[in-house]
Structures are given as structure tokens and as C-alpha cells.
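Asks: Here the protein sequences line up with chains A and B, keeping their order. For the first sequence, position 435 matches number 434 in numbering that gives the first Met the number 0, and the numbering has no gaps at all. For the second sequence, position 160 matches number 159 in numbering that gives the first Met the number 0, and the numbering has no gaps at all.
Source of the hints: derived by calculation from the structure; they are not laboratory data. Where a beta carbon is used, it is the ideal one built from N, C-alpha and C, also for glycine. It is possible that part of the hints are untrue.
[Unchecked claim] Okay, the calculated bits of chain A under chain B, using three or more residues with CB under 8 Å as the criterion: (1) 102-112; (2) 224-233.
[Claimed, not checked] Residues from chain A shown here face chain B by an in silico Cβ test under 8 Å; the list is partial: (3) Ile33; (4) Asn78; (5) Thr80; (6) Gly88; (7) Asn93; (8) Asn116; (9) Ala117; (10) Gly151; (11) Phe158; (12) Ser186; (13) Gln314; (14) His318; (15) Met321; (16) Pro324; (17) Lys470.
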Amino acid sequence: MSAFRRKRLAMAALSAALALTGGPGSAGAKTLDIGIGIQNTTTNTVTGGIVLQQLGLFTKLLPRTGKYKDVTYSLSWQNFTSGPPITNGMMANNIQIGMMGDFPLLVDGATGQATGNATELVAILAYNAHGGGNGIIVNKDTPLYDFDDLKGKTISVPFGSAAHGMLLRALQMRGLTGDFWNLVSQSPEIGTTNLQQKRIDAHADFVPFPELLPFRGFARKIYDGAETGVPTLHGVVVRKDFADKYPEVVVAYIKAVMEANNWFRSNPQVAAEKIEDWTKINKEVAYIYLGPDGIMTLDPTIKPAWVTALTADYQVLQHLNMIKPLDVQAWVNDTYVRQAFKDEELDYDKQLKSTTGYDVKGQDPVCKAPVANPAQAGQVWVRDGDIISFSSPVCALLGVRQYQAAGKTLNAVYLVDHQLGIKVFADQAFFAVNDKDRAKPDITPFLLKRDAEAYAKANGGRLATYAEAIKDVASFTP
Amino acid sequence: MSAEAMPATDGPIIRYFEREKLDEIAAPAQKTLRLPFWFSSDRVITVVSACLSIGCLFVIWYLGTRYRINLFIRFQNIPTPHEVFVQAGEVIGSTKFLINIGMSLERILLGFAIAIILGVPLGLLTGRYRRIRELVMPAVEVLRPIPAIAWVPMSIMLWPSNESSIIFITFIGAFFPILLNTIHGVEAMDGVLLRAAQCLGASEPRLFWHVILPGALSQIFTGLAIGMGVAWVSLIAAEMISGQFGVGYYTWEAYSLVNYPAIVLGMITIGMLGLLCSGAIRLIGRLTMPWLAFAPGSRK
């Protein structure tokens, strides 16, 4: 690999120069430069990036024996807000390990194969099996509540991103064509500002923006990728020449990711707080994605369903003439992640079949019951306190009343959408309330107003906002 | 340009020359064979030099990518001229690409026109009056180094529409070079000219119109040429806002899809349009200031 020889040459020249000036020249020792392209603000990818960097997990696991005995590692963590600049760095061989969402991954693979800089997809960071995580958001002051309201409106999306893919699928599923709306390309930074200023009607984006902007108070999510039912994921790509030459380094990296995943799962609340410290993405948002029963599942295995989804994604891009040819089979390589599982004495094939994450657990302090059904669970994050789990939406809202009565401030309240099965912020949700039996009200949370209305109509109830729902539980005694 | 093509304008100095004398000065005696101006040997050399200048860039690019040169500077992944040519074949002539060019030109020219309208008068006043200078310059020096891309979020929030935000950023690019060069033009004027005009009883407005403006005009045009360049430089930052049209947007979108030939095509297009615009400014400059033909400075 001439790039490395050249870099070493440059290093040798540098150390010679340092020696001349009396600096520390280390003659003979090999330096291995590894560029890692990370996305700190894309919360899905933190266990492949900022967590490894901050906890030193990759450094700890780097091989130091055999042919690596005399190697000095020089890691450069390069942070970007989207995938394409990482691909650019990988093509220029400044980055050897990169991470990005599904559509950018495909562009990375295709560009690599077309320019003789082949890359390989070696592991997954996080996924949502139904496409949750991407979403369409609107300014909360606009009267748009549903996908159908977007007819003839201007929607911006970062072209070539996973969110762009979601929009194309959403149209396809409804049998609509591109003239349904006016689609323009805007990066998350631009789209966010434009949405705040109501200069566009809606903005579609990837993790964490569909949750972050509503959480920050000026947006409302009106469509979630989970409606498409097509898996979405973030993955790790490496340069093939690098992986062929240093397979142990790639395996070490994947092991570090697995350790970071365990670290997050072992104490998600503390982990989310750390993520906020490091990336400035609010802890409540990091928790809704990566916490128990979160929107995203941390799992490095490359499942056949993901490869199928990526192949379908590729066809979408190809149809739009936005991508070069890509041999998906040659590009996906699970040998490194298999080796990592083997080294850790874990069963890869068992994990390959599993599509479950970790569940909300605990004892409901209001209804005095264990949290048994994750699909019914609620969680309340008390400021400067713990995250308390509840066994049902009613119990959780009652808990909210009690904390509020005690003068406590709440960071966030999480419930699970009854229709889409994804975790939602309760204050952003719509509720179907049936309190004919005053002592035993039935409250069902939904992300979308449409779903809540339909449920209320079908089951005899009425639509309520978060504030109304809190009032409605007052009569309930567990 | 030789004197034949020069219109008999009545600039401040030229009106003192007789038309015949002009010819005599501009076309020396030894020039017996009168070729059309665009075919003089002088003109041919100019054209050849221009081709050589741009040709060199092309040759470096061609050879670099042909032999994939890898000597610290790496041509390994740079698209070849052929690839870019193929890309150009696909898009040039398509209405979409023409719309892109049209939109970008419109944005640049509007931003540039506003920069002239505000920059030149403000520059003249700032250059002439110390008190205004003391008021204006600190603010200008604070705002001037801010890169176009940093203005993007503020521009979106300041202006009501995308187009106005984009034009604002091209305006920012053009404004400061025009302003500063105008100020410098006024400051660098020969005080004798001012005093002479004042002795002859010129009022302050007449002084501005007949002495200061023509005196600073050469510097103002330098500012215009630089301003036009910087306006194009800030185009990508400006059109990141747009989301659908413009050469800058085209280049930016190509980056987000990692389509290298299209990126280079966008770069070349911006370069060519910039060249055309600067050329137009220089031409207008020479037409408005014919006296410069007789004041070559230290040009050889």
C-alpha cells in the first residue's frame, strides 16, 4: 500500500528533522496512522465514535503482539455532521474507518468500487427494524398534522441521506409521484434554521433531529420512518486495503464497539448524560434513541434482512440515477464481526437471529406493580434525579401529577406509541382517552393526531393533549 | 484595446485632445499597414497568452490524472478531464443546468449591483470626510473578515425569503472590496487636483462629481473586479441555502452524493462565469476611463 509507505516516508522525514533539531526521534519504530470518521451529532453512531474516543476503548483493545509489537498507533478522530465528507476522506485515504447511515453507506461503497478505493461494510452500529429514527417535522405553529397535509408543500431533506430514502419510500407506498410536493435539498443545519423561520413547510431528517427539534420546543414530528416498515441502520465501513493488511485492527475496533454498547446498556441514564456532555445532544434525546426499548437497537451483527434492505435502498438510488454501480455482495463482509464475537466467546449466529434490544424494567411506584409489558411502559425522568419506570400510560401520567404536586421538575416523560410501537415524548403525543369508568380511565398514547383520533373513534373515547390527559387521570386511584 | 475603437467620450482629460492628435499618439508613425484591431499582432499575442495560461492548468490536470501522480500531492482520485467532459456532455444543454447558470448569474449580479449602489457612495464619503471614516471603519473592519459561510444561519433568519438570503451573501462578498477600494481611491488622490478645483470655485457636490469620482474611478474598478471575484467565491455558501437551483447548489449537491466529476464541472463553470464577469467589468472600466490608455503607470 503506497499510501502507507508514503506516510511513513513523511514520518521518517519528520523524525529526521526533529532529530536534527534535537527533538525526540524514534528510529525504527513503525507508526500506524488510523483515521476514523465519526458523527458525534448523529446519536446512533456514538458507540462507534465519541464513546470509544472518550473511554479509550479502541486504544485499549488495539493489537500489540506479533506483527504489531513495535507499532505505535496514531489515531485521528475526525468528526462530521453527515456521511458524505467521511466518504470523501475515505476515498482520499485520510480516513480508514468510517460510519454513516444506510443511504450514505451505499454511496460510500459505490464510490469506492468505482474509483479503486474499495470499502467494506464490516459491522452495524444501531438499527430500527421498521425504519424509525428518520422522520418528517414541521414548525409546531403550522396546522400540519399528517403526511397528507404535505400535498403541494415545500419539504427539505439532505439529498442522499437515509431521510431522503424514507421520503421516497413513503411516496412509493402511497402510490404518489415526486410532484406530490416540492422537494429541495438542505443539510440538517440549514433545514433546521429554515424550519424555525417557517421558510419551508417541513423538513425530513435523520437521527437525532426528528426528536431533537420537537424536544427543543419548536417542531412537531408528523411522520415517522416506522410507517414505511423498511429497516434503517447506521453501519461501519472500512477501506478494503486497510482491512486486508490489518484485519486485527478492524476486529479490535468492532470489539471496542461491542464494549461501548455494553457500557451504554449497563447504565443508560449515566451514558445519556455523558453523551450530552460530549456531543451537546440533549440527554433526553440520546435516551429516547439508545435507552431501554429505545427507537434504536445497538447490535453489531449484519443481519440478512439488513442486506436485503440495503439492496432495496440501492435500487431506489439507482432508479433516481444518483449512484454508481455497486456489488452489494462483495461489499458486505461479516468476517471481522464474526471474529470479534468468536474472540469474545459469544454466539454470532444466535445474535444474528435476535431483533430484540433491552427492555424497560423496574417496579412501578404508583401502581405498585412490576413493569411487565414494555409496549405499555412509561418512564419519567426527574430533574437531578432518577428515571422512574411505570407499568402503563395511566400510571405514568399519575406519577407525573404526583411529581408536579411535589414541586419537582421533569426532564422528560416517555411513553410508547400504540400504533407504531416507538418511544415518544409524552408532551409531544396525542392521547385517546376513555374515562367512562371514572375510577379506571383508559389512556392510549400516539405520536400522530390521526392515529389517536382513529383509536378514540373506534374504541369510544376522545382525543386529548398531554395537559388534558394529565387532568383526566386525576380521578384514577390505583 | 487600441485607440481606434475608443469612443470620443468627453472624459475630464480627453476633451482637451483633438481627435486627430489622439490617433497620432495611439497609433505611432511606423504602423503603416492598418489591420482591424482584433487582428493586430499585439492582439494575437494576447489571445495566445490567455490560451497558454489556461492551457497550463489543463495540462497539469491532464498529466496529473493521466499518470496518477502521487508525489505528496495526490492525483489518484481526481476525476480525469475525460470524466468531467462526459459529465458536461450529460448536463450542459439541459434546461436544468441552464436554469442553474441563470439563477446564479441573477443572484450574483443583484448582490453585486446592491454592493455598488451602497459601497461606492459610502466609500466616497468615507474617504473624503474624516469624521465619517472614524464612524464607519471600525464596524467595517469587524464585519469584513467574517467568512460567507458563517453568515449562512444569520442570513436565513434575517431575510424573509431564500432568494434575499442568498443575494445578501453574494452582496457581503462584493461589498467590502468595493467599499475599501473606493475609500483608498479617494485617499490616494492628488491633493493638487482638489485644491485646483476649489480655487476655481467648485462647490462640494461638483467636486465630488467632477474631481473625486473620476479621480477614484480607477481604484473603484479595481474594487469592482475584486468584489465580483469574491461574490463568486461566496456562491456555494450562498446557494447551500437554496436547496434547488444554482451552480453553487449543483456543486454542493454533487458533494453530498460524492459525485466527483460533477463537483469539478461545477468548479469549472463557476470559474468560467467569474472570468466572464470580471472581463466585462474590465471592459466597462476601459470604456469609462479612456484616459487610462495614456497613463500606463509602471505597466510595460
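Asks: Where does the structure disagree with the numbered hints, that is, which hint numbers, in rising order?
Replies: When the structure is compared with the hints, numbers 2, 3, 4, 5, 6, 7, 9, 10, 13, 14, 16, 17 turn out to be violated.
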